[in-house]
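Asker: As you go down the protein sequences, you meet chains A and B in turn.
Heads up: the first sequence begins at 28 in the working numbering, then just goes up one per residue.
Heads up: the second sequence begins at 1491 in the working numbering, then just goes up one per residue.
To be clear, the hints were calculated from the coordinates, so they are not data collected in a lab.
Built from N, CA and C at the ideal position, the CB exists for glycine as well.
Each hint should be verified, as a subset may be incorrect.
To be verified - To list a few chain B residues with every Cβ distance to chain A over 10 Å, as calculated:
1) 1600
2) 1629
3) 1630
4) 1668
5) 1670
6) 1706
7) 1755
Claimed, not checked - Calculated cross-link-like contacts (lysine-lysine; reagent style DSS-like; alpha-carbon spacing at most 27 Å):
8) A/135 x B/1680
9) A/164 x B/1680
10) A/395 x A/242
11) A/51 x B/1594
Unchecked claim - Short derived list, chain B residues pointing at chain A, Cβ under 8 Å:
12) 1516
13) 1518
14) 1660
15) 1662
16) 1669
17) 1672
18) 1676
19) 1681
20) 1712
21) 1714
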Amino acid sequence: MKSISEVYLENVTKIYKTRFGSVKALDNVSFKVNKGEYFTVVGPSGSGKSTILKIIAGLMTPDIGKVYIDGEDVTFKPPKERNIGMLFQSYALYPHMTVYENIAFPLKIKKITREEIDYKVKAVAEMLRIDNLLHKKPAEISGGEAQRVALARALIKEPKVLLLDEPLSNIDILLRSQIRAELKALQRRLNITVIHVTHDQVEAFSLGDRVMILKAGMVMQIGAFQEIYFRPKNIFVATFIGNPPMNIIEGRISRYDKGCYFVSIDGIIKVPLPCKESLSKLEDMSVFIGIRPETINLAPCMGSSNKEKLAVQVLNIEPLGANSIVHLKIGDNPIKVLISMLQLREVYGQKQLCIEFDPTNIYLFDEKGNIISL
Amino acid sequence: MLGKKIRKVALFLISVIMIIIAVLFAIFTSVPFIWAILSSFKTPEEIVRIPISFIPKTFTINNYIRLLMETNFIRAFLISLFISIATTIGVVITSLITAYALSKTEFRFRDIFIRYIIYLLALPQYLMLLPQFYIIVKLGWINNYAAIIIPAIVSPYSIFLLRQYMLTIPDDFIDAARVDGAGEMYIVFKIVFPLVKPAIIIISLWTFISSWGSFLWPLIVLNDPSLYPLATYMNTLQSAYGDYRYTGVVMAGTVLSFLPMIIITLVGFKYIVRGITLTALRR
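Isolated chain A, as found in the complex (with noise of 0.2 Å):
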């Protein structure tokens, strides 16, 4: 073994009972947080982010699977017993104690000495540097302040593992990027093993080492940016990563002029594929593409006798910044194309405009959604 694995969930299931019947809310999800990881698990609402961070911290067992935290099994062990940490979306600051007594309480419980306590809590409000915040309440600090407060209330009592339920949803987007920068030192600083959830990709992204998808409490994939970015497992997780998402084309796979080509349910648009072994199985099957929106050529048509560029109809241009997002159509099927200042200074005010599809940049799915390698 190179690296203990600090929490191992095992084939963990949770059933909601609720008056209409049962949820699954987590369905048979298995993964492995490496010791000081970031890890972090993303998905739409709904898909059971919460429910694994519960489990985790032992607020919820699970109805089937096991939960492993330093190896050691503490499935229905009470959440006292595991040395975790968690800061709440809504941080749970308790409002009748002053910011000092809220970062105590975790010791205080413990029955450590006045001195000890007052020793760590000041030099981890220090750390944090919400020093100056101790002798107020919560409704008297700031949101940004309070969650830094509720991090040095869920570190306090140097927790194997620190849980993050969404922690920058109630801050500012200006401030967001900031803070993001601020939590990813902080873990490497500490060495700690952080587990956060959010709804957020691009949080998820540049924050988490590895990024674990989720969709109705199943696991789509786990991986690190560019290994779900370059090679998404299926529909889901190709259209969820990215902004915007991947163009999704449904159609079907024949082969004529000794060639294998995508077709479009419409017929318009054509793409040659490398004739494989697996495509063969798929023919006359229903398929999809994807093909990501900044991978797409947008230019004015020129050379008219390229064959794969493909004459378009332009909807709308929405402008973001440095790129703008372009909405064509091209027979039947929406395009979006993503391109930058320049080429759109380019493009703009031209009459005809041609795309043009990178193939090493195509992803084909099956009828189901799943990935097929190319």
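With chain A held as given, fit chain B onto it using these hints.
Answerer: Relative to the frame of chain A, chain B by itself:
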């Protein structure tokens, strides 16, 4: 335009009528009480004189002196104080723990418990009188204050009110405390209690006031009049001193027995109002 004017006049008339009704209601309810206060300062002869005089002609505090010197009023007052405080503390503790269990923890049959408590609310109190009395007899608690305090320390209404209030407290507070290593009892008294203080104050006021005024149950379970709490004792005072010469003393006792309730109501008035709006909104 005309229709609008008519509607305005009608609205004005309705509000005038409503104000008149409210004033009449206030007079009807407060006149006996004001009369009792004024009478407590009259001489016995003046109280029974016809025509009735409202304002005392000869102002005397003799009734109060006789009440405190000649009767066991002070003892009954202290007994009531003890019973009411003990009951209030008991109700607060049991309601806090039960409401916490019913709102913030999960266990089997929890929803059945909650429904059971709501049914209890609908049960008329007097229906319980006889079965409760038998239990008290079997326990041998006749002439024992436990017979008054113990049955009163579980209040379905308080549990219900507190549970509804606790539902509005975010679970994150409790989860955070659990992760930080706090046990359930520690959470109830150190985290939840301060957060539900407004509801606790309302419950305390209600319990104290109803306990202070309870008359029938002490009369049933206490045979020895020297053990009677205030409301029950005041009744014996009235029958024992039925003679008109003692009416002023009884009035003085009535006024003094109301005093703690008036003080506590004035202090807690804003909380009581909040409690009424609270139940009004939550139901």
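Asker: Each hint needs a verdict: does it hold in this structure or not?
Answerer: Do the hints match the structure? See the list:
no.: 1; hint: 1600; in the structure: holds (12 Å)
no.: 2; hint: 1629; in the structure: holds (38 Å)
no.: 3; hint: 1630; in the structure: holds (42 Å)
no.: 4; hint: 1668; in the structure: violated (5 Å)
no.: 5; hint: 1670; in the structure: violated (4 Å)
no.: 6; hint: 1706; in the structure: holds (40 Å)
no.: 7; hint: 1755; in the structure: holds (26 Å)
no.: 8; hint: A/135 x B/1680; in the structure: holds (12 Å)
no.: 9; hint: A/164 x B/1680; in the structure: holds (16 Å)
no.: 10; hint: A/395 x A/242; in the structure: holds (15 Å)
no.: 11; hint: A/51 x B/1594; in the structure: holds (22 Å)
no.: 12; hint: 1516; in the structure: violated (39 Å)
no.: 13; hint: 1518; in the structure: violated (44 Å)
no.: 14; hint: 1660; in the structure: holds (6 Å)
no.: 15; hint: 1662; in the structure: holds (4 Å)
no.: 16; hint: 1669; in the structure: holds (5 Å)
no.: 17; hint: 1672; in the structure: holds (5 Å)
no.: 18; hint: 1676; in the structure: holds (7 Å)
no.: 19; hint: 1681; in the structure: holds (6 Å)
no.: 20; hint: 1712; in the structure: violated (41 Å)
no.: 21; hint: 1714; in the structure: violated (46 Å)
Of the hints listed earlier, those the structure fails to meet are numbers 4, 5, 12, 13, 20 and 21, in rising order.
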